[in-house]
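Following the numbering used here, the numbering of the sequence shown begins with 12 at its first residue and continues without gaps.
Simulated from the structure, these hints should not be mistaken for laboratory data.
If you're wondering where the values come from, they're calculated on a predicted model, not measured in any experiment.
Note that CB positions come from ideal geometry on N, CA and C, so glycine has one too.
Certain hints may be false.
[What the hints assert, rightly or not] Okay, the calculated beta carbon distance ranges per label pair: (1) G133 - H45: 38 to 48 Å; (2) T122 - Q33: 36 to 46 Å; (3) T75 - K129: 32 to 42 Å; (4) L112 - V86: 30 to 40 Å; (5) E52 - R130: 18 to 28 Å.
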Amino acid sequence: YRSGGNSSIRGGDIKSAGVKLQPLIEIIKLIRSHSRGSVFESRLRSQETKDYKRLIRQHLDMKTIEKKMEKGSYVSSSLSFYRDLKLLFTNAIVFFPPSSLESKAAQELRTLVSNEMKRRAGKSGRSVVKSEAELSVSIQKSSVPPLVVCKKKTSASKKTSPSSSLKQKDE
Numbered sequence: 012y013r014s015g016g017n018s019s020i021r022g023g024d025i026k027s028a029g030v031k032l033q034p035l036i037e038i039i040k041l042i043r044s045h046s047r048g049s050v051f052e053s054r055l056r057s058q059e060t061k062d063y064k065r066l067i068r069q070h071l072d073m074k075t076i077e078k079k080m081e082k083g084s085y086v087s088s089s090l091s092f093y094r095d096l097k098l099l100f101t102n103a104i105v106f107f108p109p110s111s112l113e114s115k116a117a118q119e120l121r122t123l124v125s126n127e128m129k130r131r132a133g134k135s136g137r138s139v140v141k142s143e144a145e146l147s148v149s150i151q152k153s154s155v156p157p158l159v160v161c162k163k164k165t166s167a168s169k170k171t172s173p174s175s176s177l178k179q180k181d182e
């Protein structure tokens with residue numbers, strides 16, 4: 012979070028950050044201080060490919076999350092912040108092979124963030140944290156269009172297709 016242009020999360024010198032954002036800033040610092048945190052700082056070359064863009068619908072990296080924080084996107088909802096972090100790590104797990112540095116780093120950091128979220132939620136007495144299963148279900152639900160079920164048969168299904176009417180004439 013930058014304030015007045017000279018305070019940044021990256022620099023670690025945060026003088027005036029909102030009380031609500033302080034826990035989120037601490038999580039970003041935790042990720043960046045992790046030995047593999049730099050993997051998620053910005054978009055990688057492999058994330059510029061057509062395969063990545065076809066597979067990953069919403070790219071996120073730490074710079075993007077920081078910009079969203081600067082714009083105030085997380086002031087009213089820390090859950091959005093955690094959801095974005097989960098999406099960042101899930102994207103890497105989905106795109107990169109399981110044995111890759113990126114995938115392993117994503118798994119480690121996702122666990123780290125989940126544990127930190129649970130710890131912080133326990134301190135505040137609030138239940139803002141969803142389990143891994145609940146979050147993955149909500150991600151799946153949002154990426155799949157709703158299924159529309161019709162009970163009535165439409166008049167289109169009663170019409171015979173041109174090929175079936177030809178067969179009847181031939182007989």
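Now the hints, each set against the structure:
G133 and H45 have their C-beta atoms about 22 Å apart, which leaves the hinted 38 to 48 Å range violated. The supplied range of 36 to 46 Å is broken by T122 and Q33, whose beta-carbon atoms lie about 23 Å from each other. The hinted window of 32 to 42 Å between T75 and K129 is violated, with their beta carbons roughly 25 Å apart. Roughly 34 Å separates the CB atoms of L112 and V86, a value that falls within the hinted 30 to 40 Å.
A C-beta distance of roughly 24 Å is found between E52 and R130, which places it inside the suggested range of 18 to 28 Å.
Going down the numbered hints, you'll see the structure goes against 1, 2, 3, while the others check out.
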